[in-house]
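Protein chains in written order, with the working numbering: chain A, 1 to 126; chain B, 1 to 184.
Since the hints were made in silico from the structure, they are not lab data.
All C-beta atoms, glycine included, are put in the ideal place defined by N, C-alpha and C.
Be careful, since some hints might not be right.
Derived Cβ-Cβ restraints for the label pairs, each shown as a range [unchecked claim]:
{"hint": "1", "chain 1": "A", "residue 1": "39", "chain 2": "B", "residue 2": "39", "range": "31 to 41 Å"}
{"hint": "2", "chain 1": "A", "residue 1": "65", "chain 2": "B", "residue 2": "13", "range": "19 to 29 Å"}
{"hint": "3", "chain 1": "B", "residue 1": "57", "chain 2": "A", "residue 2": "63", "range": "13 to 23 Å"}
{"hint": "4", "chain 1": "B", "residue 1": "2", "chain 2": "A", "residue 2": "118", "range": "33 to 43 Å"}
{"hint": "5", "chain 1": "B", "residue 1": "13", "chain 2": "A", "residue 2": "63", "range": "14 to 24 Å"}
Now for the letters of each chain:
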Amino acid sequence: MTCQTARALLPEYAGGDLPGAGDLEVHLAACSNCSSELARYREVAQAVAALRLDLDTPSELFVTRLLSQLPAHRIRDDLRRIAQDHPRAQVAAVSLGGAALGAAAIALLWWRAARRTLGAAVHPAT
Amino acid sequence: MVSLELLDRCRRREPGAFEELVERTHTQVYTLARRLVGDRRDAEDVAQEAYLRVFRSLGGFREEARFETWLYRIVTNAAMTFLSRRGRFGELLAEPEDAEPPDGGGGREPDEVVERDELKRALATLSPGMRTVVVLKDVYGLSCQEIADEMHLTEGAVKVRLHRARKRLKEAIYGTEQPVRDEV
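Go ahead and model the full structure; you've got the sequences and the hints to work with.
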């Protein structure tokens, strides 16, 4: 392998993207210039990888703003805001909830009574 | 960074679970967004969009071992959408030119530690496309194919940009290498 061919492979080799580079390794063992060049690439690669630990911090309100945009939070926040802005809405919501609960209870009683009647018609007592 | 148990709680939409996920990951997500789009405010918009996508699609995500990579891909995708809305996506797709790189740091020893600020200055001299590829591959560990998918490039085009980016960085820090004289 020539130095020119070896140099063209060094960026990939230093980045670990060149498995099975036997010829290159033989060349590097014999060529001090190319192995110095490889050491430079490796230093850069190491410094680049270390950037993962170099973190930027977003503004203080970022997380709060982000969470308020999530669907579940948005519905909850909207309801809370409506309740605060319109106290009558709270009363209406409670009344509606109570009415819905009452209707469900009546429907359940009606359904049980209807089942009992139907059962008596299908299997009359002997 | 994120435990399997936390991911499971997020999938079950347990109260407070997604907030915990955001708390644990937001600096990494924001930092990547900042590296991809540059501006602080734009990076916050990209990070926010990325989390909304994570929130919507976490239910279908099953490869827990690859959560970080998956998260970084979503951030990259959100950044690409942002850049194309701003008409800046073309900068990323532009072919890396063969202009002479800035020649820096001549006379440095090969094993001398590269300072972080020096590296950041060198990264800033790369074209946006080369910088994006080298950051995603060498900082965040995405594969060339994953980068190609997110940037709408071929895997070969990603490899060319990566090769040139690594060479440019090395030359910006250690100086341009002399033409080689074949010795072996």
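Status of the hints after comparison with the structure:
Evaluation of the 31 to 41 Å hint for residue 39 of chain A and residue 39 of chain B yields a pass: the beta carbon distance comes to about 36 Å. Taking 19 to 29 Å as the suggested C-beta distance range, the pair residue 65 of chain A and residue 13 of chain B conforms, at roughly 21 Å. Separated by about 20 Å at the C-beta atoms, residue 57 of chain B and residue 63 of chain A satisfy the suggested range of 13 to 23 Å. For residue 2 of chain B paired with residue 118 of chain A, a C-beta distance near 55 Å fails the hint of 33 to 43 Å.
Judged by the Cβ atoms, the range 14 to 24 Å given for residue 13 of chain B and residue 63 of chain A holds: they are separated by roughly 19 Å.
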